[in-house]
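Number of protein chains: 4
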Amino acid sequence: MKNFVATFLLCFTICTLAYAQTQPYLNLETATKIADAAQEKAISENWNVVISILDQGGNLILLRRMDGTQIGSIEIAQLKAKTAFEFKRSTKIFEDMIKEGSVHLITMPITAVEGGLPIFKDDVIIGSIGISGVTSAQDGIIAETALRVAGFM
Amino acid sequence: MKNFVATFLLCFTICTLAYAQTQPYLNLETATKIADAAQEKAISENWNVVISILDQGGNLILLRRMDGTQIGSIEIAQLKAKTAFEFKRSTKIFEDMIKEGSVHLITMPITAVEGGLPIFKDDVIIGSIGISGVTSAQDGIIAETALRVAGFM
Amino acid sequence: MKNFVATFLLCFTICTLAYAQTQPYLNLETATKIADAAQEKAISENWNVVISILDQGGNLILLRRMDGTQIGSIEIAQLKAKTAFEFKRSTKIFEDMIKEGSVHLITMPITAVEGGLPIFKDDVIIGSIGISGVTSAQDGIIAETALRVAGFM
Amino acid sequence: MKNFVATFLLCFTICTLAYAQTQPYLNLETATKIADAAQEKAISENWNVVISILDQGGNLILLRRMDGTQIGSIEIAQLKAKTAFEFKRSTKIFEDMIKEGSVHLITMPITAVEGGLPIFKDDVIIGSIGISGVTSAQDGIIAETALRVAGFM
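Residue numbers (the numbering used here), protein chains in the order written: chain P, 1 to 153; chain Y, 1 to 153; chain D, 1 to 153; chain E, 1 to 153.
Be careful, since some hints might not be right.
[Claimed, not checked] Label pairs and their in silico Cβ distance ranges:
(1) I106(P) / I71(Y): 44 to 50 Å
(2) M97(Y) / G101(P): 54 to 60 Å
(3) A137(E) / K88(D): 55 to 61 Å
(4) S44(E) / E29(D): 24 to 30 Å
[To be verified] List time: in silico DSS-like cross-link candidates among lysine-lysine, alpha-carbon distance up to 27 Å:
(5) K121(P) / K121(Y)
(6) K99(Y) / K33(Y)
(7) K99(E) / K88(Y)
(8) K99(P) / K88(P)
(9) K121(D) / K88(P)
(10) K33(D) / K33(Y)
[Stated by the list, open to error] To give a feel for the contact side, a few chain E residues facing chain Y, derived at Cβ under 8 Å:
(11) I93
(12) E95
(13) R148
Keep in mind that the hints were calculated from the coordinates and are not lab data.
Glycine included, C-beta positions come from ideal geometry on N, C-alpha and C.
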């Protein structure tokens, strides 16, 4: 009888979850943790960057521009995040493909420069991060560090 | 008894965690049902319209243009859906406010014409529908009928 | 007899003129058939894509985004269809030309990635299809299969 | 002795001029304090908003979207801040002017809805804040509270 009740409860839980047709998302608290980790890494390296984070719908949830960062990075950080979100992959992948000869990809509306990474949870995309301000390799280091520290890599 | 309590706690935890970090969304199957209901209503009235549906992130999931519909409605239907999604309300609310004197709202990037409705599930916005092609009052009737038939109103 | 010949000639002239002033076009019913064929192929391969179809004027007539498809494909599918329509050729032709050295073509407003095909009827262009979501080679397979199944290739 | 006095006067003048060629600006630390004050007020009222802050050049320095805020507020909050910055006045002033009959102001590239305020230091504009998410009157209360708490009003 006990086993039956336990099994019933477990099934009920799974059914409820399935029926609910829900999926994970990114809230401001988690986005803030990711941005804090990015900013801490940038400060430790004495780098100035814009940190941009999009949510599960590709909409901006947080942006910070560190003092002294070039103004153009406000847009670039968001564009890198947009590309990483829209194509569920690091912007570095597109950068490498174009460098290695797939020049035709330039005709797509993408920003193919390292520094943008998708954020996954349970294999579902819940957002992305875009960093711009220093070299694109350094931007990429900040993005990766941020996701690792926040537990997303 | 211990097993039972343990299982109950496990289920409770799974539910709580899942609930806290997930939210409902709109899939193509449901969007298709909504669009079918809209199209059926339009055919029954002999009206030609564009049907546009956005998902929980405000991104286009389905668009249909019925034969003979004015080309401008391709964009208008999407703009109505965008406004309904972005502001979680019927575009008719903005239309009425401006008509009744709140003329300053025209300075906002909205499309304040009836025919756009948000789609809610469990009080969470999971998308929106935008209809354009006939009079805006008729567009609104199609949008409402579609959501009612599909069980969202 | 003279009257009969005169009447016949008049009718023939009217018919010819009328025929000369019409051209084939794509309606929603045919676009739906093409999209259904594309979706069926995608499902059979377990691929997720956006299906986009333009009509004889190059205007969007139908769009479907299958669950889980990357958001960026909403725009890319439409851009591939636009390029295929505007230049009456497969987007793969431009991709190959650029890969083979005609890099200057990047300065044109085209999307030179496989997955876009024009739709012809009686040697007249009546629309185009754009597929995006998996690899561009796989996108191309879906586009071709859809047109073949629907009787346009 | 005359030479010494002359040299001293020259140095003093140069220093003063140099000093006169700087102006106050807004850094991320101060912008964060203002945003924290805005967010605290919003939480205390159970309101969900987007907080947007521009610097002395009118460029975005910080943006936060609280959970559940309508997506359209991402753009509106930035537009309100832009208008407050570009015209050195509260967006409510434009809203009131249009409501009172100056409808022609709609033809200007402004967002005439309460919730945007310029930030001054020593009578020099160093940035602006834009709030969007609840009613425009409530948005305005958050903006004012934020600047008062942070010592700018």
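For each hint, the structure was consulted:
{"no.": "1", "hint": "I106(P) / I71(Y): 44 to 50 Å", "verdict": "violated, 30 Å"}
{"no.": "2", "hint": "M97(Y) / G101(P): 54 to 60 Å", "verdict": "holds, 55 Å"}
{"no.": "3", "hint": "A137(E) / K88(D): 55 to 61 Å", "verdict": "holds, 56 Å"}
{"no.": "4", "hint": "S44(E) / E29(D): 24 to 30 Å", "verdict": "violated, 57 Å"}
{"no.": "5", "hint": "K121(P) / K121(Y)", "verdict": "holds, 22 Å"}
{"no.": "6", "hint": "K99(Y) / K33(Y)", "verdict": "violated, 34 Å"}
{"no.": "7", "hint": "K99(E) / K88(Y)", "verdict": "holds, 25 Å"}
{"no.": "8", "hint": "K99(P) / K88(P)", "verdict": "holds, 20 Å"}
{"no.": "9", "hint": "K121(D) / K88(P)", "verdict": "violated, 37 Å"}
{"no.": "10", "hint": "K33(D) / K33(Y)", "verdict": "holds, 17 Å"}
{"no.": "11", "hint": "I93", "verdict": "violated, 11 Å"}
{"no.": "12", "hint": "E95", "verdict": "holds, 5 Å"}
{"no.": "13", "hint": "R148", "verdict": "violated, 25 Å"}
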